[in-house]
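Asks: Residues per chain, in single letters:
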Amino acid sequence: QKEVEQNSGPLSVPEGAIASLNCTYSDRGSQSFFWYRQYSGKSPELIMSIYSNGDKEDGRFTAQLNKASQYVSLLIRDSQPSDSATYLCAVNRYNQGGKLIFGQGTELSVKP
Amino acid sequence: KAGVTQTPRYLIKTRGQQVTLSCSPISGHRSVSWYQQTPGQGLQFLFEYFSETQRNKGNFPGRFSGRQFSNSRSEMNVSTLELGDSALYLCASSTGQGGGGEQFFGPGTRLTVL
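Sequence lines, in order, name chains A and B. Note that the first sequence ends on residue 112 in my numbering; no numbers are left out. Note that the second sequence ends on residue 226 in my numbering; no numbers are left out.
The hints are simulated quantities; they were obtained by calculation from the structure and are not laboratory data. Among the hints, a few may not be true.
Capping the alpha-carbon separation at 27 Å, the derived lysine-lysine pairs in DSSO-like fashion look like this [as the list claims (entries may be wrong)]:
#1 A:K2 with A:K42
#2 B:K125 with A:K56
#3 A:K67 with B:K169
#4 A:K56 with A:K42
#5 A:K67 with A:K56
#6 A:K111 with A:K42
#7 A:K2 with B:K169
#8 A:K67 with A:K2
#9 A:K2 with A:K56
#10 B:K169 with A:K42
#11 B:K125 with B:K169
The model shown is predicted, which means the values in this text are computed figures rather than measured ones.
Based on the sequences and whatever the hints tell you, model everything.
Replies: Below you can see the structure in the form of structure tokens.
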């Protein structure tokens, strides 16, 4: 079992729809959770961070964390073609400094 | 604030050579982490430096090493290059306080080993 798992996709949604990206993790000692967006040929860009159970909203993005079920999700409302990218889930464990464990990423395609 | 910078952006080397990559973090950030990204393995953690000390290390052979200077700039070195070392090498900086803070990535160095 991988430490951080994501559906590889591709996930295709029409423009204006809600895109839902999911991530599960295996280590209950995980304390910090991040979503990154990576366009083809570019480096990852931080979208959201979440540290406690519940929802965190930032513009069109909402991150949801459920530590009991060990999953974290990212919702993108009113999806735009410019949102088409690979979305990476990253997890930081307690007491491991800056070590991030990444999932394989979910490729999102938003069709006009 | 200026972002994370990495030099060089592209490198072509041959097997057996060594290479040094450089990373300058965001001003005020004291932690620099290095990652390797390949199509097959994804993003994998190499090591982290905080206040000139290696704070954490990933599961890579000893050919991969790094260091951090007093101004928080960091370098990583790969000796005796192998074909499998071809990858995008990314560094990320953070404040480093508490260990689990947000990390911001540089543009990466694309290394090709022939």
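Asks: Between B:K169 and A:K42, is the straight-line Cα distance small enough, at 27 Å or below?
Replies: Within the cut-off at roughly 25 Å; holds.
Asks: Hinted pair, alpha-carbon criterion (27 Å max): A:K56, A:K42. Please report holds or violated.
Replies: Within the cut-off at roughly 26 Å; holds.
Asks: Would you mind confirming whether the straight-line C-alpha gap from A:K2 to B:K169 stays at or under 27 Å?
Replies: holds, 19 Å
Asks: So if I understand the rule, the pair passes when the alpha-carbon distance is 27 Å or less; does B:K125 with B:K169 pass?
Replies: The hint holds at about 25 Å.
Asks: Take the C-alpha atoms of A:K2 and A:K42, compute the straight-line distance between them, and say whether it is at most 27 Å.
Replies: This hinted pair holds, its Cα atoms lying about 25 Å apart.
Asks: What's the verdict on A:K67 and B:K169, does the C-alpha distance respect the 27 Å limit or exceed it?
Replies: holds, 26 Å
Asks: Run the distance test for A:K67 versus A:K56: straight-line Cα separation, threshold 27 Å.
Replies: holds, 14 Å
Asks: Sort out whether A:K42 lies within 27 Å of A:K111, counting only the CA atoms.
Replies: Holds, because 21 Å separates the two Cα atoms, which is no more than 27 Å.
Asks: Sort out whether A:K56 lies within 27 Å of A:K2, counting only the CA atoms.
Replies: holds, 26 Å
Asks: Does the alpha-carbon distance linking B:K125 and A:K56 stay inside the 27 Å limit?
Replies: With Cα atoms ~45 Å apart, B:K125 and A:K56 exceed 27 Å; violated.
Asks: Take the C-alpha atoms of A:K67 and A:K2, compute the straight-line distance between them, and say whether it is at most 27 Å.
Replies: holds, 17 Å
Hint 2 alone, counting from the list given before, is not met by this structure.
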